[in-house]
Every structure is written in structure tokens, then in C-alpha cells.
Amino acid sequence: DQQVKQNSPSLSVQEGRISILNCDYTNSMFDYFLWYKKYPAEGPTFLISISSIKDKNEDGRFTVFLNKSAKHRSLHIVPSQPGDSAVYFCAARISNFGNEKLTFGTGTRLTIIP
Amino acid sequence: GAGVSQSPRYKVAKRGQDVALRCDPISGHVSLFWYQQALGQGPEFLTYFQNEAQLDKSGLPSDRFFAERPEGSVSTLKIQRTQQEDSAVYLCASALDRGLHYEQYFGPGTRLTVT
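First to last, the sequence lines map onto chains A and B. For the first sequence, my numbering begins at 1 and goes up steadily by one. For the second sequence, my numbering begins at 1 and goes up steadily by one.
Fair warning: there could be bad hints in the mix.
Stated by the list, open to error - Partial chain A-side listing against chain B, Cβ under 8 Å, derived:
| no. | residue |
| --- | --- |
| 1 | 30 |
| 2 | 32 |
| 3 | 41 |
| 4 | 44 |
| 5 | 85 |
| 6 | 98 |
| 7 | 101 |
| 8 | 102 |
These aren't lab readings, by the way, just hints derived from the structure by calculation. As the structure is a computational prediction, the values presented were derived from the model and not from experiment. The beta carbon of each residue, even a glycine, is placed where N, CA and C say it ideally should be.
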């Protein structure tokens, strides 16, 4: 049972345009959501997060939106740059003390076309 | 500064062999995690340590998988009698402490291939 879903395995976007990556979740206990970026032969690196008490969080070119009623979130990258080409994983966790694990989606490979 | 390191980076094992995968977390990081990433999938949680205490091992797929962190720093993930379905990248992550605001830093992983 996939509790965190990324339905688009790949996405190609022209340099300078907006990249939108989507993620759905089924477990209503999740209340903290993260995005990780992964280059080949490296481990995932943390990008941005959002708590369930917010519906938007921005950090430079990266904005994450959360729609709790739809159990959906998206990552917007504006403007997209060639260095953004990577696999993006969304992850979620339950914030009660003692529950530290992250549950990941299957990833979306983003390719920025120069 | 040094990040999370893992060794070996690549391991080929014959079915039935035992393997040991090592993780060196960032110095001073209290929390340590192991994840398994099969081809085309996202990382899946295996187990979690707080210092030397293994507080969550709910993700270990069978009793052939065993993890330890005896002195609260370096950790070893051991897989006994490897099977082909164990082929995956094994990722280790560490965090300064437990809780929402402590980011998990991942190592590059060990790619295990069981033939």
C-alpha cells in the first residue's frame, strides 16, 4: 500500500519556465511533508518542508503548496535551471514524539531542457 | 565538513552469503536511520537508532536483517543468507537529534547486488 504517491515518473521543462511536481498521500495521520532532491550516485538531499498547519512555504525559487482536504501537495520551481535536473522525492512523517521515520514516494525525474 | 559516509559503495554477493554494510554518521549526530531503495522505488524505512538504542525496527523485512550501533556512532546493517530480492541500494541517514526540525542527512548508499 503506497501511502505517498508520485504519479508522474518523469517531467521535462524548458529552462526558465516553471516546474510543478505533484505528490498525493493517503494516510491522514501525516502532518509534516518534505521534498528531497537526488542526483545519480548520491544520497537524497533535503530541499524544503511544510507543516500541516500551513498551506504554503517558500524558499528562494522553491515553493511548496499543501492542500490538506485533497491530501495533495506540489513543489513549484521558478525559474527552472539546468542544475535542477534530478530525481525529486516527496516524503511525509507523523510528528508524534518517537515516530521519526520518513515515508517516501517513488520519485519524479525532472529534466530541464536548455 | 564530512557528511555521512557508507562502505562499501558497491557489493556483489552470491545468494546465501552474509553481508555487512557500514555507515559512518556525521559526528555528533544522535539519530541514525537505515532505508532500502529498490530499483525505481523511493527509499523505504528499515530501522532507527537513538544513540545506541534501536528504537524502531518495524521496517526490517525479515529476521535475516539485523542492525547495530553499539557505541552510538558507527552502525552496521547485516543481511544473512542474502536473497535476490535483497538487491537494492541501502541508504543510511543521520540527524542531530530526534524531532521534526532535525533534518535527515543521507549518505551515498551501498548498492547491493545478489546474484
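Let's test the interface hint: is any C-beta of chain B closer than 8 Å to that of residue 41(A)? 6 Å, holds
Under the criterion of a CB-CB separation shorter than 8 Å, is residue 85(A) in contact with chain B as hinted? 18 Å, violated
How about residue 101(A): closest beta carbon in chain B under 8 Å, or not? Holds: closest Cβ of chain B sits about 4 Å from residue 101(A), inside 8 Å.
Can we keep the residue 98(A) interface hint, with Cβ of chain B closer than 8 Å? Hint holds; residue 98(A) Cβ to chain B Cβ min 7 Å, cut 8 Å.
Double-check residue 32(A) for me: the hint is only fine if its C-beta lies closer than 8 Å to a C-beta in chain B. 5 Å, holds
Against chain B, with CB atoms and a cut of 8 Å, does the hint on residue 102(A) hold up? Holds, because the Cβ-Cβ distance from residue 102(A) to chain B comes to roughly 7 Å (cut-off 8 Å).
If you take the shortest Cβ to Cβ gap from residue 30(A) to chain B, is it below 8 Å? With a closest approach of 12 Å, the residue 30(A) hint is violated.
Tell me if the interface restraint on residue 44(A) is satisfied: Cβ within less than 8 Å of some Cβ in chain B. 5 Å, holds
Against the hints set out earlier in the document, violations occur for numbers 1 and 5.
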